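On the provided structure of chain X, position chain B as indicated by the hints.
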Amino acid sequence: MAARSLSSSTTATGWRARRCSTCLLTGRMVRGWPQLMQSAAELWAVPPPDPTVSASGDPIATLAAMGRAVGRGLAAGHWPGRGPRDEAWEQIASNFVQARRLLEEHAAGSEAVSTDGQASPTTANTQLLHALYVAAHATAVALTGYERGLQHRLEVGARRRQPLVERPTALEVESAGGMIARFDAIEELAAGSLAAARRIDATDQPATGRRRPTVRIAAALAAWEIQAYRTLASHPDPADLVRVARVQALIATTTVVVGEAAARRGEIDAGVIDRLTPALEKAQLAWSRSARRWAELTRAASRTDPALVKAAGQLRTAIRAAVANQTGWATPEQIAGRIDLPATALTLHRSLVAGVELAHVTREIAADHPGLAAPARLIAMRAQGEAEVAIEQGETRFEGVRWVTPRQIAANEVIPLPEPARRGLVNAATDVAAATNQAVAAAAHLRPTEHAPAVQADRARHIGRAARQREIPVRHPNRGGRPR
Amino acid sequence: LNKHATDVDAAETLAGVVRLLRQAAVLAWAAADRAGAGPAAQLSALGVDLAADQARHLVPDGTEIDGPVPVGDQPAGLLRSAELLLRRLPPITASDALDYLRATVADLVWEANTGAGG
Chain X
24 MAARSLSSST
34 TATGWRARRC
44 STCLLTGRMV
54 RGWPQLMQSA
64 AELWAVPPPD
74 PTVSASGDPI
84 ATLAAMGRAV
94 GRGLAAGHWP
104 GRGPRDEAWE
114 QIASNFVQAR
124 RLLEEHAAGS
134 EAVSTDGQAS
144 PTTANTQLLH
154 ALYVAAHATA
164 VALTGYERGL
174 QHRLEVGARR
184 RQPLVERPTA
194 LEVESAGGMI
204 ARFDAIEELA
214 AGSLAAARRI
224 DATDQPATGR
234 RRPTVRIAAA
244 LAAWEIQAYR
254 TLASHPDPAD
264 LVRVARVQAL
274 IATTTVVVGE
284 AAARRGEIDA
294 GVIDRLTPAL
304 EKAQLAWSRS
314 ARRWAELTRA
324 ASRTDPALVK
334 AAGQLRTAIR
344 AAVANQTGWA
354 TPEQIAGRID
364 LPATALTLHR
374 SLVAGVELAH
384 VTREIAADHP
394 GLAAPARLIA
404 MRAQGEAEVA
414 IEQGETRFEG
424 VRWVTPRQIA
434 ANEVIPLPEP
444 ARRGLVNAAT
454 DVAAATNQAV
464 AAAAHLRPTE
474 HAPAVQADRA
484 RHIGRAARQR
494 EIPVRHPNRG
504 GRPR
Chain B
488 LNKHATDVDA
498 AETLAGVVRL
508 LRQAAVLAWA
518 AADRAGAGPA
528 AQLSALGVDL
538 AADQARHLVP
548 DGTEIDGPVP
558 VGDQPAGLLR
568 SAELLLRRLP
578 PITASDALDY
588 LRATVADLVW
598 EANTGAGG
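Residue numbers (the numbering used here), protein chains in the order written: chain X, 24 to 507; chain B, 488 to 605.
These are calculated hints, taken from the structure and not from any lab test. In this text the structure is predicted, and so the values were computed from the model without any measurement. Backbone N, C-alpha and C fix where the C-beta goes; we use that ideal spot for every residue, glycine too. A couple of the hints might just be wrong.
[As the list claims (entries may be wrong)] Here are the computed distance ranges between Cβ atoms for each label pair: (1) Tyr-587(B) to Val-424(X): 30 to 36 Å; (2) Gln-561(B) to Val-437(X): 28 to 34 Å; (3) Arg-420(X) to Leu-571(B): 50 to 56 Å; (4) Arg-105(X) to Ala-522(B): 42 to 48 Å.
Only chain X is shown next, with the shape it has when bound in the complex:
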């Protein structure tokens, strides 16, 4: 029965993908997603832990956090805002609820659930992931059709000189584009989790040797992602945003280091790494710029969420143990001796996908967070700069507006962020989302290969700065010595 509920959910999502590619029910599908995801998470929690899924990387926790983030954005009025939900998504969510009830009823005698023709808990989880994957894909397809329709109407409207009120706005197109990126990320994470469920621990061996640091990095990344969503969901301090951005930048850099090492040892296609490295470097720089902008808003009394600090600390320690040594980044040989390179590269790539969603959440916070404030002199400088850029782009609302009074500047009073200053933060987050999205796209073909060609020393190729740094190790004299 539970299997039938889940199977019908998968069939329904496939049907939805085809039907909605040409319709405009997109907003309803997006609105229905948080509820669908919550029902899925509740269903996932019922069966005993799946032995084929790494305990360190519960895929539903991250997907559920992403679903909640979409829900919060909708509640705050971001596109498509509040409104009716898609009926098919509601039906699937209700199937999940029914499946959960059935599994709970059989919880006492779980053996009975695994009879022929019925779903074992493991199969149920795999089917659940599959249903989510298809549902996310369907939503992304519908969104893409919707965005194309908007762009077409925009172009036709401009050509026919229709009144502005009858044309879609550039903001609508941008919002749809942003939502596509988020659902692409959700789809990719669900697909990656499905693949991981089949791959990880197939031998059911305990984590030893190179597997231990590999598992440790995966666990730390999973814990980080979930904590980052939690922290950003509960009235974050700008200091939290700084920490999230800095850690995401470090993850991008670590992906370069691991990818380069894997390519040099022929464990991953070097061509893919050639394309991926510049995109990752751009993502790292974009996250770092975002961190600097948020740092301007921190105050002496700012406190970072202790749970976020703990998760960041564990991730830093895991990364350091895997890819660093006393002189900086470790050599490819050293890294290969510590971790399973292809497995870690894929884990980091999945984390990068989650980073797309974090960038969008950051963008929403920049646009909406009511408590954002900064010293008047800084605001005057930032607001003026952003307003000038906006005016150059045809925005007339900011012309002649004074954002800060002379008295506020004289006292350097801490005042709420005006719209142009927020705009700078929003733009920085938009850049991050775009750069991370490009990196995700470049990594789409990142797959371990048994016979990938190792990088030739004489071959002209782009080598990441991290790799170049490894090639010329700077040795510092030991001036301090290891503390006791």
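What follows is chain B alone, placed relative to chain X:
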């Protein structure tokens, strides 16, 4: 009264540690950002940031954190000063969190002096 005075002294000392660690983080990030994409220095700069966060949580509510910007242009020197200040804290303020912070800062001093992590 003596206990109160000791608590105030400890709180102010911890606030001083926060200022030192934050300034060390500013310098470390400036160096990492100057290096462009992919520097290993990100690892140590993040470590200093996290240590400053830990220290901030040890400062009791109501203690003034703001103060003069610590003098020094090398993160290693500021970290060493923070380490020394932490050693000066009276035993009454000893706690697991403080012990952990001491160990973290000592590790960072070692990293900064040896170049580990960037």
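**Pairwise beta carbon distance, Arg-105(X) to Ala-522(B), judged against the given window 42 to 48 Å** = Cβ of Arg-105(X) to Cβ of Ala-522(B): about 46 Å, so the range 42 to 48 Å holds.
**Request:** Can you let me know if the beta-carbon spacing of Tyr-587(B) and Val-424(X) is within 30 to 36 Å?
**Result:** 49 Å, violated
**Asked** If you check the beta carbons of Arg-420(X) and Leu-571(B), does the distance land in 50 to 56 Å?
**Response** 54 Å, holds
**Prompt:** At the C-beta level, are Gln-561(B) and Val-437(X) separated by a distance inside 28 to 34 Å?
**Reply:** Distance hint for Gln-561(B), Val-437(X) holds at roughly 31 Å.
The structure is inconsistent with hint 1 alone, although it conforms to all the rest.
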